[in-house]
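Knowing the structure of chain A, use the given hints to seat chains B, C and D on it.
Residue numbers (the numbering used here), protein chains in the order written: chain A, 1 to 265; chain B, 1001 to 1265; chain C, 2001 to 2301; chain D, 3001 to 3301.
Take the hints with a grain of salt, since some may be wrong.
Stated by the list, open to error - Straight-line alpha carbon distances no greater than 25 angstroms define the calculated SDA-like cross-link-like pairs of lysine to any residue that follow:
| id | chain 1 | residue 1 | chain 2 | residue 2 |
| --- | --- | --- | --- | --- |
| 1 | D | Lys3143 | C | Ser2145 |
| 2 | B | Lys1072 | B | Ile1016 |
| 3 | D | Lys3143 | A | His186 |
| 4 | C | Lys2006 | A | Asp32 |
| 5 | B | Lys1072 | D | Arg3212 |
| 6 | B | Lys1133 | C | Gly2081 |
| 7 | C | Lys2264 | B | Val1137 |
| 8 | D | Lys3264 | D | Lys3283 |
| 9 | B | Lys1072 | D | Glu3208 |
| 10 | D | Lys3265 | D | Ala3009 |
| 11 | B | Lys1133 | C | Glu2261 |
| 12 | C | Lys2004 | A | Arg103 |
| 13 | D | Lys3004 | B | Ser1057 |
| 14 | A | Lys163 | A | Asp130 |
| 15 | A | Lys161 | A | Pro243 |
| 16 | A | Lys163 | D | Gly3081 |
| 17 | D | Lys3258 | A | Tyr136 |
| 18 | C | Lys2143 | B | Ser1181 |
Think of the hints as simulated: they come from the structure by calculation, not from any bench.
As a plain string of letters, each chain reads:
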Amino acid sequence: MPVTEGTKGRHAQSDIRATEIMAAAGARELHDGEVVVVGLGLPEVASVLAKRTHAPSLATLLETGVMNPRPKDTPVGLPDSRSFYGATCLSGFLDVMGMNLHRGVVDVGFLGALELDRYGNINTTLVKDDSGKVRYVNGSAGGNDVASLAKRVIVIMRHEKRKLPLAVAYLTSPGFVGGRSRQELHLRGGGPSRVITDMAVLGFDAATHAMSVLSLHPGVGLEELKANTGFPLHIPNEIATTPLPTAEELRLLREEIDPTGVHLK
Amino acid sequence: MPVTEGTKGRHAQSDIRATEIMAAAGARELHDGEVVVVGLGLPEVASVLAKRTHAPSLATLLETGVMNPRPKDTPVGLPDSRSFYGATCLSGFLDVMGMNLHRGVVDVGFLGALELDRYGNINTTLVKDDSGKVRYVNGSAGGNDVASLAKRVIVIMRHEKRKLPLAVAYLTSPGFVGGRSRQELHLRGGGPSRVITDMAVLGFDAATHAMSVLSLHPGVGLEELKANTGFPLHIPNEIATTPLPTAEELRLLREEIDPTGVHLK
Amino acid sequence: MANKLKSAAEVVQSIPSGTHIALGGFAIARNLIAVVHELIRQQKGDLTLSQGVVGLETDLLVGAGLVGHLIMGGGSLDRFGPAHCVNRARETKSLRYEDYTSLSICFRYLAGALGLSYMPIKVLFASEILERLEAGPGASDVKRSTCPFTGEEYVLLRALTPDVSFVHVQIADRDGNCQINGARWANEEQAKAARRLIVVTEQIVPTEFIQRSPERTIIPGHRVEAVIHQPYGALPTCVHGCYDYDADHLRLYVEHAKEPERFKKYLENFVFSCRDHWEYLEKLGGLPRIEELRADPISGY
Amino acid sequence: MANKLKSAAEVVQSIPSGTHIALGGFAIARNLIAVVHELIRQQKGDLTLSQGVVGLETDLLVGAGLVGHLIMGGGSLDRFGPAHCVNRARETKSLRYEDYTSLSICFRYLAGALGLSYMPIKVLFASEILERLEAGPGASDVKRSTCPFTGEEYVLLRALTPDVSFVHVQIADRDGNCQINGARWANEEQAKAARRLIVVTEQIVPTEFIQRSPERTIIPGHRVEAVIHQPYGALPTCVHGCYDYDADHLRLYVEHAKEPERFKKYLENFVFSCRDHWEYLEKLGGLPRIEELRADPISGY
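For reference, chain A alone in the conformation it holds in the complex (with noise of 0.2 angstroms):
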């Protein structure tokens, strides 16, 4: 096995890398017959993993208009022709954000960001420097619609204070913004339920809809989570340890879902 590497070399006691963890943690909150939306990356790979596993039948679907694609090449990006590879559906925008995630069946959104706040809104548009000044990277793509309406919105991303900010310079995609319900916003879907970084797993207050943490990664201490968070976060009484990959979930992930470790490296 590899020696662990990147990620602040926060998990030097074991072999296992922070991305694997993520993956597991990511897998571990789907349930087998769910729909699921993912993005490339992390949350592919975690989608694949729990499919592999717990949830045989979990349906995975391409905001382009793919569903259950097996890619064995690593895609660039949604529209290249690796990520249609074995799909069971080829169709588009207008059947799967439309007849699926506008319909209500798609429990689970799986997202990353740029930027996210204590109330679970992400931006993925633009960042500001120091001075104020804008620099545009995208935009929101099916994030907004995959935010506004999935059962469940998760968020997979590093664990940066700047990344995590008191408050985003683009509100992109809603969570509950202001620490609204979603009914007050007018949204369908209910929000963001977790979000997954290298450090912790994090969850939202019932009452207050704040960020909360959930669980620490091995080796991670509360105040070093605090140090890395933009925002004041709700710590609860008692606080978990992030479960570490399984043998057979971490063959998986090395051996058949990214043997080259283009997303878990």
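Showing chains B, C and D alone in chain A's frame:
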């Protein structure tokens, strides 16, 4: 060539059947490059004749989701596989009637009728006997959709007094209801433009929207026409004689388009 | 992986009386005959039935007295005759009945399929169809409205979301991924608007077959609750690429449907006295008859 | 029968400056490169450009200064980098710009394709996207409204009806009947919403080929004004089943797009100095390079 039969034997001076005159008159109403939604029977025969003569680029659409079929056997109805043969596109209502008809790109709708009144209102739902007893026959299916939305509508039917009443027993598909303009009625399509019967070709007066005689088929007199019509017709100063099908049109109709005389009997 | 393969009898057992069902046939094509016979055998009543263009399947259910509320755009048995039982029910007002058009039913399903509570449309204006809807209980499903951008007048249609949609397809895998050959009328919207979706398929194929032409998948498996593998499940109606309609039987049906008493005999002979669809197929003439009706691979009929 | 076969140059000559065009690519796939190069060579300016998810084609047009109004849902060149020219234009506010999402652009096209002047949708709420639309000139395209049936709050989106839609497809016949292999994003709605529809196809097939699988026809010929037969017309972006993206060239492009001066050089080298797409393909490495990129028939890339 066969001896004339059927349709009141009005064309004893020639061997040309009324249905053949109707088919040729229908074909002449269709221009090359137009998009037409057709029903089965004479509308289909007329559109195939147009396609084989002056309108090779005519696009023929069936409401079920069939484009440009070239049936070699006679279908019993729209969903019969025989009506799919040779099609260049097989889709559904949403495509043909949503993304073409409702989109506003259908030039001509070609309809039949149980009853038709002086303003081109169509009944395809039910008939009432003299005692007022109702007998249901069918309903709109795509009829109201076509009548509401096609740029112009051609009705093709037998000329009988009871089928051309002062008021239809049920107003399934609107023409110029109450003599009003289509705009007043909130209808996008241009409304009825031609009625082709086994006695005459009729149009609609631009000012009153009432049905008007355009041409009488050879051998049909104006008084005979009036006697077979249940409402007062607008009679212009000049009435033409409907041109007979050309020799080539007759050859196509009899030898290629409907050789067994299913629709042209 | 959950086993989605079920018999028509099992599926129908799970459908309570009073359910809103949507059927995927059109006149004399791809009718859900196996399912409808089973609904009749199990006497599931007080059904709400919605459909773009009705045909034999709906005529059977209405004739059997199981439909309490019919929402339809028209329909007949094509050249074989009218839908006698449906028409009789309309004439005698023995059920609640709302008349639409093919496109307006399709838009109501589309709204349902897209998760919209309504859709605007530019048909029905100035027709007796709209007048009657507005004057009856159907008034709660239509509303006139003005476009806030253009000022144009629209009819707003409430979404149709059947409790259960049934669609007859040529090809499905065990997960419920379906391909439909030939015209599809409103099948995609009707299927995806429903809370529960059941497909009846002529053939079960390996998923690998689906993966060879995934652009052809009209219904994805994750939306499908159950797959009923019933070859010839639509007879006497036709299934493009599989078999032609049985003209003799359709004529026989229409003769019986003309009169309530004869219709009862038809049900007795072809539904109640058959344990399942296989027994019914024997009554149609069994394998020799089916071979006569089998489609040729070029024409599809 | 009118001849629909046209060159990219001929088609672009018929497009006035100020036109609203919609492009059918997505990031690094099925981009309308041959058309966009021609628009740049002919300097068609002040364009309104709408697209679900932008990519190289839009970055080129915006970088060339030809876009006055951009309506988009996001986009990048995937792992090769951001859409530098688009982002720079947004940062310097050198064009009018409206941000949407993939689904809201798709619904705006769907409304256009169905002939509806608007569609309701349940996204954009509580986002800065809607806030900015409502605060700017985009306010004329969005409106909050309540469903008259359920009381639910919706955003109403005005229909998008491009003057001209361009779609790159794998297969078309001379009449314009098109099949698209692989995912189709919003292509069908974008195509059918437009007043004029132009397709660029990798291959011209006999109509008989289309008739063998008419269920695969996504765009029917009667909607198509012109067919541009331009093999490799999307390079350096990929076309499923035909060829892979040219990663080397995409990296080279992104390096140039980072800076306006270098971008000018790119245009000079790969657009202005090429008489047509064939000359451009020579610059990409000609036939030997194309053979390296050719898709294998199993994977499609």
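Tested hints:
1. Using a Cα cut-off of 25 angstroms, the hinted pair Lys3143/D and Ser2145/C holds, with the two alpha carbons roughly 15 angstroms apart.
2. Distance restraint check for Lys1072/B and Ile1016/B: the Cα-Cα separation of roughly 24 angstroms lies within the 25 angstroms cut-off, and the hinted pair is therefore satisfied.
3. Restraint check for Lys3143/D and His186/A: the C-alpha separation of about 14 angstroms stays at or below 25 angstroms, so the hint holds.
4. Taking the CA atoms of Lys2006/C and Asp32/A, the gap is near 20 angstroms; set against the 25 angstroms cutoff, the hint holds.
5. Distance check on the hinted pair: Lys1072/B and Arg3212/D sit about 16 angstroms apart at the alpha-carbon level, within 25 angstroms; holds.
6. With a C-alpha separation of about 20 angstroms, the suggested pair Lys1133/B and Gly2081/C falls inside the 25 angstroms cut-off, and the hint holds.
7. With a C-alpha separation of about 22 angstroms, the suggested pairing of Lys2264/C with Val1137/B holds against the 25 angstroms cut-off.
8. The hinted pair formed by Lys3264/D and Lys3283/D meets the criterion: a straight-line CA distance of about 17 angstroms does not exceed 25 angstroms.
9. Distance hint between Lys1072/B and Glu3208/D is fulfilled; the C-alpha atoms sit about 16 angstroms from each other, no more than 25 angstroms.
10. A distance of roughly 22 angstroms separates the Cα atoms of Lys3265/D and Ala3009/D; the hinted pair therefore holds under the 25 angstroms criterion.
11. Pair hint Lys1133/B plus Glu2261/C holds up; C-alpha atoms about 22 angstroms apart against a cutoff of 25 angstroms.
12. About 22 angstroms separates the Cα atoms of Lys2004/C and Arg103/A, which keeps this hinted pair within 25 angstroms; it holds.
13. Simply put, Lys3004/D and Ser1057/B have alpha-carbon atoms about 11 angstroms apart, close enough for the 25 angstroms limit, and the pair holds.
14. The hinted pair formed by Lys163/A and Asp130/A meets the criterion: a straight-line CA distance of about 14 angstroms does not exceed 25 angstroms.
15. Distance check on the hinted pair: Lys161/A and Pro243/A sit about 24 angstroms apart at the alpha-carbon level, within 25 angstroms; holds.
16. Between Lys163/A and Gly3081/D the CA atoms are separated by roughly 19 angstroms; this keeps the pair inside 25 angstroms, and the hint holds.
17. Pair hint Lys3258/D plus Tyr136/A holds up; C-alpha atoms about 13 angstroms apart against a cutoff of 25 angstroms.
18. As the CA atoms of Lys2143/C and Ser1181/B are separated by approximately 22 angstroms, the hinted pair is consistent with the 25 angstroms bound.
Hint violations for this structure: none, all hints satisfied.
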